[in-house]
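Enquirer: In case you want the letters, here they are:
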Amino acid sequence: MSTIIEHKKTKVITDNGLFPSSEVMLDLKNLKKVYPTPKGDYVVLENLNLQIKKEEFVTIIGHSGCGKTTMLSMIAGLNPISGGHISVLGKHIKGPGPDRGVIFQAPSLMSWMTSLQNVLLGVNNVFPHATKAQRNDIAKYYLQKVGLEDAFNKKASELSQGMQQRVGIARAFAIKPKVLLLDEPFGMLDSLTRGELQDILIEIWNKEKITAVMITHDVDEAIFLADRVVMMTSGPKAKIGDVLNIDFERPRTRKAVLEHDDYYKYRKHLIDFLEH
Amino acid sequence: MKQSITLGKVTKLMGLGFLSTIKDLFTGKLEKEDFKNFLRKVVVPIASILLFIGLWHMGSKTLYNIEADFRINKALEEQGQAAADAVAACIALGEDSSCKPNTLPSPAQVWESYRSLLRDHNIISADKAAFIEKTAALNEKRLAEGKDAITYTGRPSFVDQIFRSLKTVFAGFLLALFIAVPLGIFIGLSPTLKSAFNWFIQIFKPVSPVVWYLLVFMIVKTLLIDSNEDSSFTISFISVGLCSMWATLVNTAMGVSSVDKDYINVAKVLKLGNFQKIFKVVLPSSLPLIFTGLKITLSVAWMVLIAIELLAQSPGLGLFVWEEFQNGANDSNAKIIVAMFVIGIIGFLLDRLMLTIQNWVSFDKTDAI
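Quick mapping for you: the protein sequence lines, in order, are chains A and B. First residue of the first sequence: 20, per my numbering; consecutive thereafter. First residue of the second sequence: 944, per my numbering; consecutive thereafter.
Simulated from the structure, these hints should not be mistaken for laboratory data. The structure presented is a predicted model; accordingly, all values stated were derived computationally and were not measured. Virtual Cβ for every residue (Gly too), placed ideally from N, Cα, C. Hints are not guaranteed to be accurate.
From the derived model, a few chain A residues whose C-beta atoms are all more than 12 Å from chain B [unchecked claim]:
| id | residue |
| --- | --- |
| 1 | Asp118 |
| 2 | Arg119 |
| 3 | Tyr160 |
List time: in silico EDC-like cross-link candidates among lysine to aspartate or glutamate, alpha-carbon distance up to 16 Å [stated by the list, open to error]:
| id | chain 1 | residue 1 | chain 2 | residue 2 |
| --- | --- | --- | --- | --- |
| 4 | B | Lys1214 | A | Glu203 |
| 5 | A | Lys151 | A | Asp118 |
| 6 | A | Lys72 | A | Glu222 |
| 7 | B | Lys1071 | B | Asp1028 |
| 8 | B | Lys1211 | A | Glu42 |
| 9 | A | Lys164 | A | Glu240 |
Listed next, with one range per pair, are the computed distances between beta-carbon atoms [as the list claims (entries may be wrong)]:
| id | chain 1 | residue 1 | chain 2 | residue 2 | range |
| --- | --- | --- | --- | --- | --- |
| 10 | A | Gly166 | B | Val985 | 55 to 61 Å |
| 11 | B | Trp1303 | A | Gly166 | 31 to 37 Å |
| 12 | A | Phe146 | B | Thr1299 | 46 to 52 Å |
| 13 | B | Phe1129 | A | Gly59 | 51 to 57 Å |
| 14 | B | Phe1113 | A | Tyr61 | 53 to 59 Å |
| 15 | B | Phe1113 | A | Leu108 | 43 to 49 Å |
| 16 | B | Lys1137 | A | Phe146 | 48 to 54 Å |
| 17 | B | Phe1129 | A | Phe146 | 28 to 34 Å |
| 18 | A | Gly166 | B | Phe978 | 58 to 64 Å |
| 19 | A | Asp60 | B | Pro1149 | 53 to 59 Å |
| 20 | A | Arg273 | B | Asp1294 | 33 to 39 Å |
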């Protein structure tokens, strides 16, 4: 079955104060990050404003070292905020929490645990009142979703990189976060595996519709997955440079996206920005 | 596959890979290209052992001759020809310890002493068994009357002393384990505790076992002042534990404080509680370093044990060596060398034991050093 993708008008949003607050999941206001160095302060991010709507998938691209990962780890609560604030559903965040699931660049699985135990580690903590069987079911459900139904009891150290990252995806979805943060999750994989995992990710996402923010270096990945692509300027004092709406209808197939007339227009827009 | 545990795997786990090479030799599985390997792993060590024994034999013979010549010459100078001849005859007979040169014993003498120690052990064990049989009925009666049972108080054999030493070293090792691992975890987790304890570790780590023994002696003697029991075992195992715990303490603290940042981030994002964070994330990932520390601790414990037993007059190999040295009997030197080999071999086996446990427990099966 081929999906027909309707062509909507491409519009570029430069000001981010557009959405009504009831629709906003994640709000970054005047965000600032400063690292003190012996030669004085180094400002990584400054005046960064970004709103992300509920059930929206946003990808972020920008040059290496521009502060994308810094921004994401600030949203995750792993990196202190120097100025401005971040809020989830209108509440300012204080430190990390299970309302924001993270898929790291390295799978970061506990290599001495099985894949099931790795997923359960989060599930047990987030659903303390569920029965053991229920928690097991949740963990197994998501492992099945990422195609690991045969590897529940395999030690993480016995899995390939790609399979480990599948467990990472299952672990993040299984705690049912409000926001999913992905830090170049497929950057370390070969292109075939990367394609497979993109399909798996988008398939689960289509079902769960968890607001997602994903950093990537891959322009095609950014377009294929996102509702909006956010382009960051190069640091220091990085901020949002440009935002591109991707108006392909969901669910998308890779083939339909690649064959769409607008695809190359989007691609050119992103590459022009990056090469600028 | 069920037969996953083979001889090869077990020996490799224990770091005794050469055993399976020998097995291959007898089962005819040895390929031609393996021959070189066999030469290096089996033939060369055996040749070097033989060479060592040969050199030792010649060395002890030379030392024996030097001392014999000296004694004969001394008798000649001081008392004349007749006395010199008497000394020479006495030395040639080799039975009287008053004239026999007292020097490095030859391999053959050491082997003979080893066998005599075993014979001695058999006699003592038989004696002990007979004693227990003889007193069994009496002891039952005494226990029924509420009195203490009569125990065997004869001289311990060499083998008894080995087990006594092992008991002391394991008690000391467990003490070190129970102090150093928890303390190391706390120090590794908290930078505040780390700076509180750092000076303590840096200053007390290099202190000699003898001084530790004296410190423990001062404290335990006072604490057990009322008790009539022999405190030498308590004193020696505590000293052994305190001497040897530092490697584990430092390694545990280092392992815990250097857990992969990704793991810590995962624990933070999943909001794991402290208990879960420590037992599910921090400890398992620092296990390899903790075990390296424990391995060093056990070998240090075994090394200092001998000196401490000697000081504490606590029965064991250390006291055995000291008593033989003081004793000065015909075969005392040979017995000391026997003890030396026994100490070395047990030390090696303890090291292998720890390596085996480490390989068994740790998640990444990389070969430990």
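Enquirer: Each hint: holds or not?
Expert: How the hints compare with the structure:
no., hint, in the structure
1, Asp118, "10 Å, violated"
2, Arg119, "7 Å, violated"
3, Tyr160, "18 Å, holds"
4, B:Lys1214 to A:Glu203, "22 Å, violated"
5, A:Lys151 to A:Asp118, "22 Å, violated"
6, A:Lys72 to A:Glu222, "20 Å, violated"
7, B:Lys1071 to B:Asp1028, "46 Å, violated"
8, B:Lys1211 to A:Glu42, "28 Å, violated"
9, A:Lys164 to A:Glu240, "21 Å, violated"
10, A:Gly166 to B:Val985: 55 to 61 Å, "49 Å, violated"
11, B:Trp1303 to A:Gly166: 31 to 37 Å, "32 Å, holds"
12, A:Phe146 to B:Thr1299: 46 to 52 Å, "40 Å, violated"
13, B:Phe1129 to A:Gly59: 51 to 57 Å, "37 Å, violated"
14, B:Phe1113 to A:Tyr61: 53 to 59 Å, "55 Å, holds"
15, B:Phe1113 to A:Leu108: 43 to 49 Å, "58 Å, violated"
16, B:Lys1137 to A:Phe146: 48 to 54 Å, "36 Å, violated"
17, B:Phe1129 to A:Phe146: 28 to 34 Å, "31 Å, holds"
18, A:Gly166 to B:Phe978: 58 to 64 Å, "48 Å, violated"
19, A:Asp60 to B:Pro1149: 53 to 59 Å, "43 Å, violated"
20, A:Arg273 to B:Asp1294: 33 to 39 Å, "57 Å, violated"
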